[in-house]
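Undergrad: The hints should help you fit chains F and A onto chain C, whose structure is shown.
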Amino acid sequence: MKLDSSTLSLVLVGKFSPGDFSIESFVKTHSIGDEDAAQARYEAFVRDQVCDIRFHWGKFAVVDQKLVIEVNEAPYIRASDLALKCLRELSQGAVVRQMGINYQAFFAANSEERDAVGRRLVPPKNWGMWGNQVAESLNFGISDPRHGGMTAAALRQGKPDDRPAGHIDARVEPANRDSVWGVLVSINDHYEMPKGRDGKLVPDRTATGTLLDALEEAFDKSVARSIEIARQIMEAT
Amino acid sequence: MTGTALRAFREENPSALAAIPAVPSSATVTESSLSGEQTAAVPDLANWSSSAGDLSVNMAAVSRIAAASITDIESPKNQVVAEWHGMVTELLESNFVAELQGILGVGVRGAIEEAVIPIDEVREEDRGLLEPGAFFRLCVNNAIRSDGKTRRRFTDVVFRRLPAYRRDELEEAAERGRAIARAIRVE
Amino acid sequence: MLHVGGGRWVVVDSCVESSASSSVSVAELYLRALDVELESDVDMIVATHWHDDHILGIARLLDQSKRAQFACSAALSQAEFAEYVEQMGTGSLATDGAKVREFAKVLRILGSGERLPLKAALESRDLRSWPGSQMPHGERCLLRSFSPSDLEYQRFLQQVAAMRPTPLRPKRSAVRPDHNLAAVVLHLQFNTCSVLLGADMEIHQNPRRGWAAVVAAATAGEALAASVNKVAHHGSINGFLEEAWVKLLEAEPLSVVTAFDRLPDSRKLPTRADVSRMRARGRLFQTSPHAASRIMTRDPAVARSLRESRIELRELRGELGMVRFRRRIGPSANQWSVEVQGAAFECQ
Numbered sequence: 007m008k009l010d011s012s013t014l015s016l017v018l019v020g021k022f023s024p025g026d027f028s029i030e031s032f033v034k035t036h037s038i039g040d041e042d043a044a045q046a047r048y049e050a051f052v053r054d055q056v057c058d059i060r061f062h063w064g065k066f067a068v069v070d071q072k073l074v075i076e077v078n079e080a081p082y083i084r085a086s087d088l089a090l091k092c093l094r095e096l097s098q099g100a101v102v103r104q105m106g107i108n109y110q111a112f113f114a115a116n117s118e119e120r121d122a123v124g125r126r127l128v129p130p131k132n133w134g135m136w137g138n139q140v141a142e143s144l145n146f147g148i149s150d151p152r153h154g155g156m157t158a159a160a161l162r163q164g165k166p167d168d169r170p171a172g173h174i175d176a177r178v179e180p181a182n183r184d185s186v187w188g189v190l191v192s193i194n195d196h197y198e199m200p201k202g203r204d205g206k207l208v209p210d211r212t213a214t215g216t217l218l219d220a221l222e223e224a225f226d227k228s229v230a231r232s233i234e235i236a237r238q239i240m241e242a243t
Numbered sequence: 323m324t325g326t327a328l329r330a331f332r333e334e335n336p337s338a339l340a341a342i343p344a345v346p347s348s349a350t351v352t353e354s355s356l357s358g359e360q361t362a363a364v365p366d367l368a369n370w371s372s373s374a375g376d377l378s379v380n381m382a383a384v385s386r387i388a389a390a391s392i393t394d395i396e397s398p399k400n401q402v403v404a405e406w407h408g409m410v411t412e413l414l415e416s417n418f419v420a421e422l423q424g425i426l427g428v429g430v431r432g433a434i435e436e437a438v439i440p441i442d443e444v445r446e447e448d449r450g451l452l453e454p455g456a457f458f459r460l461c462v463n464n465a466i467r468s469d470g471k472t473r474r475r476f477t478d479v480v481f482r483r484l485p486a487y488r489r490d491e492l493e494e495a496a497e498r499g500r501a502i503a504r505a506i507r508v509e
Numbered sequence: 358m359l360h361v362g363g364g365r366w367v368v369v370d371s372c373v374e375s376s377a378s379s380s381v382s383v384a385e386l387y388l389r390a391l392d393v394e395l396e397s398d399v400d401m402i403v404a405t406h407w408h409d410d411h412i413l414g415i416a417r418l419l420d421q422s423k424r425a426q427f428a429c430s431a432a433l434s435q436a437e438f439a440e441y442v443e444q445m446g447t448g449s450l451a452t453d454g455a456k457v458r459e460f461a462k463v464l465r466i467l468g469s470g471e472r473l474p475l476k477a478a479l480e481s482r483d484l485r486s487w488p489g490s491q492m493p494h495g496e497r498c499l500l501r502s503f504s505p506s507d508l509e510y511q512r513f514l515q516q517v518a519a520m521r522p523t524p525l526r527p528k529r530s531a532v533r534p535d536h537n538l539a540a541v542v543l544h545l546q547f548n549t550c551s552v553l554l555g556a557d558m559e560i561h562q563n564p565r566r567g568w569a570a571v572v573a574a575a576t577a578g579e580a581l582a583a584s585v586n587k588v589a590h591h592g593s594i595n596g597f598l599e600e601a602w603v604k605l606l607e608a609e610p611l612s613v614v615t616a617f618d619r620l621p622d623s624r625k626l627p628t629r630a631d632v633s634r635m636r637a638r639g640r641l642f643q644t645s646p647h648a649a650s651r652i653m654t655r656d657p658a659v660a661r662s663l664r665e666s667r668i669e670l671r672e673l674r675g676e677l678g679m680v681r682f683r684r685r686i687g688p689s690a691n692q693w694s695v696e697v698q699g700a701a702f703e704c705q
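Protein chains in written order, with this note's numbering: chain C, 7 to 243; chain F, 323 to 509; chain A, 358 to 705.
Treat the hints as calculated values from the structure; they're not laboratory data.
Just so it is clear, the structure is predicted and the values come from calculations on it, not from any experiment.
Glycine included, every Cβ here is placed at the ideal spot set by N, Cα and C.
A portion of the hints provided could be inaccurate.
Computed Cβ-Cβ distance ranges for the label pairs, DEER-style [what the hints assert, rightly or not]:
(1) A:363 - C:173: 33 to 41 angstroms
(2) C:30 - A:565: 50 to 58 angstroms
(3) C:207 - A:423: 25 to 33 angstroms
(4) A:397 - C:173: 47 to 55 angstroms
(5) C:187 - A:656: 38 to 46 angstroms
(6) C:200 - A:525: 31 to 39 angstroms
(7) A:518 - C:204: 22 to 30 angstroms
(8) F:453 - A:696: 41 to 49 angstroms
(9) A:696 - C:173: 34 to 42 angstroms
Below, in silico cross-link-like pairs of lysine-lysine (DSBU-like), each with a Cα-Cα straight-line distance of 35 angstroms or less [unchecked claim]:
(10) C:227 - A:604
(11) C:165 - A:462
(12) C:201 - A:423
One chain only, chain C, in its complex shape:
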């Protein structure tokens, strides 16, 4: 199964001011180049509430509690750079409480290959007699409504050493993208701040500073790790 396409999205959760962001403000702060600006277009814009911009390489979208940057072609570091530009320069009052560096890889796969992935990751025989029924149903044609199998598999790594709190989740499921059937591997590399010893949240400024520093330090490593996780999952199958 070959990698068909991949996407990187950076999701920040906290408090944001959508009014601070626009194609014009990006141009003014040199957050994007002239060509990017010329090709950019709003997918949604509601003043002070929503800003959703499409670029040739991805998108930027923000509402008051979430900011999302998605990049669908290399270099993915664009996501991190634009986020840091936005939050350290354009909109310095923003608060970040959680961060997800999310990598998705879509592998084109025919029905046999998809079934093989499903059997490997979620062996029906481990699901009792009902699982055996599902295993037998794999013999029906893919278009046969009786054909069953894995719908999703997910695994979580608890708090890695490189962050105050968080986890790494991997999820595998069949998917269709642009009329191509295949397997979608999604990696969510999640960072957040733990509560203090008194059970209270750390101050906004501390959380924001720590998470943005983590973004700057960890982005490349996160992407490389996620690419490798996806590769290993698919090679193991």
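TA: Chains F and A only, in chain C's frame:
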């Protein structure tokens, strides 16, 4: 993503987001993909209510809509096969010299190399960023055709647009420097 | 590296093996291989200037050498430079140009309060002396600096000021400043012989700058003509002053030069002409040949794509070599013996 969720959203928000294009039936994407749903333990944005005329918008729905349509806009299906982190060390007449650190790719990742790159390879919009000390990424990509076959291979030099120095962070760093210098005895 | 006698060592500059990813300096590896106790036997570590091919691994070496006094250009001990280092060293950008962080670590070690004072090198300054009574060979040993001049000191600080990051400018890496003229030229003198270490010093039209200023300082200081010479600036024509060879060196000194390899290939040093010029004045040794620029083995499609874009990419992997000069110090006439190891060789 089916058309059902989109239609439901449109019914809830008839006046907002009129610019959102309709999702062609071919652009089907699984619900589990992409933005935001995977950062858990947060206010469940998928269930924000929004009513007709209310300008608050369900961001998750916006994201899903964006996800649903992103693949049928002209987003290229490029696959990166090699990527380096680069720093400009010197400008020559028609080239620049850079230190590179390999990030991705067989025989690339982890390598420390030096490069001479024609200035022509730098996009016009990035030429103003080209100076010693500037950071960039060098990528080699395969552009994939809709039938899955490689259309062409190309290199891309993309200069990074990093945050500007802030006065307060520079002053804090300068104060640290002064404190260190004060602590050093010199003879 | 200088062994002045009685198991006392001075380390001048630092480098790491090009293939190694660690920060352990070649000096540390060499000294430990000789069972030298870094913690007690290294008396001084000198950073002649701040170029990255001279300071890699120096922070760890200093940290290990607890009794060593650190010496560098007086300008590098000033607050202006410390501020610059701290400002440029923040953030996590992966390619640390000019190795600002290496020097930041050095300054922090020195500022920890547990070290001897930093010895500021300027022209005509005694950095360290070892009385003859303390040395088994009975000769006094004196390490002096003959640069930078006051003028270069001021110019370097002006250069640092010009390089300082300013608010609202995008973040950049520190780049290799052009401050060879502010490098520390060292002279190690015994009663009967001496050694000249030229760092990356260059010539300049202004007689108060560059080699001309060094010659003036050394002459005024009655420096003994050296019989061993570490050639300045990788043997380049920019690092050569006839007057320096005539006044500061014996006739036919033993000279050693280190190669400098950077793309494009036309800039490699020393050139054939440089080698001929130096060989005309005595025996010449080179610590390693020019790095065999290795084209990384990678996906042929990637290699082709780079070629089509006329992008030249090379891993510059140098080999490690050593030239060792040894001489018995004492009243009777002695000669230097020369030993080459690893990739080092005598230039023919």
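Undergrad: Indicate, hint by hint, whether the structure satisfies it.
TA: These are the hints, each one checked on the structure:
no.: 1; hint: A:363 - C:173: 33 to 41 angstroms; verdict: violated (59 angstroms)
no.: 2; hint: C:30 - A:565: 50 to 58 angstroms; verdict: holds (54 angstroms)
no.: 3; hint: C:207 - A:423: 25 to 33 angstroms; verdict: violated (44 angstroms)
no.: 4; hint: A:397 - C:173: 47 to 55 angstroms; verdict: holds (48 angstroms)
no.: 5; hint: C:187 - A:656: 38 to 46 angstroms; verdict: violated (28 angstroms)
no.: 6; hint: C:200 - A:525: 31 to 39 angstroms; verdict: holds (35 angstroms)
no.: 7; hint: A:518 - C:204: 22 to 30 angstroms; verdict: violated (46 angstroms)
no.: 8; hint: F:453 - A:696: 41 to 49 angstroms; verdict: holds (46 angstroms)
no.: 9; hint: A:696 - C:173: 34 to 42 angstroms; verdict: violated (58 angstroms)
no.: 10; hint: C:227 - A:604; verdict: violated (56 angstroms)
no.: 11; hint: C:165 - A:462; verdict: holds (30 angstroms)
no.: 12; hint: C:201 - A:423; verdict: violated (41 angstroms)
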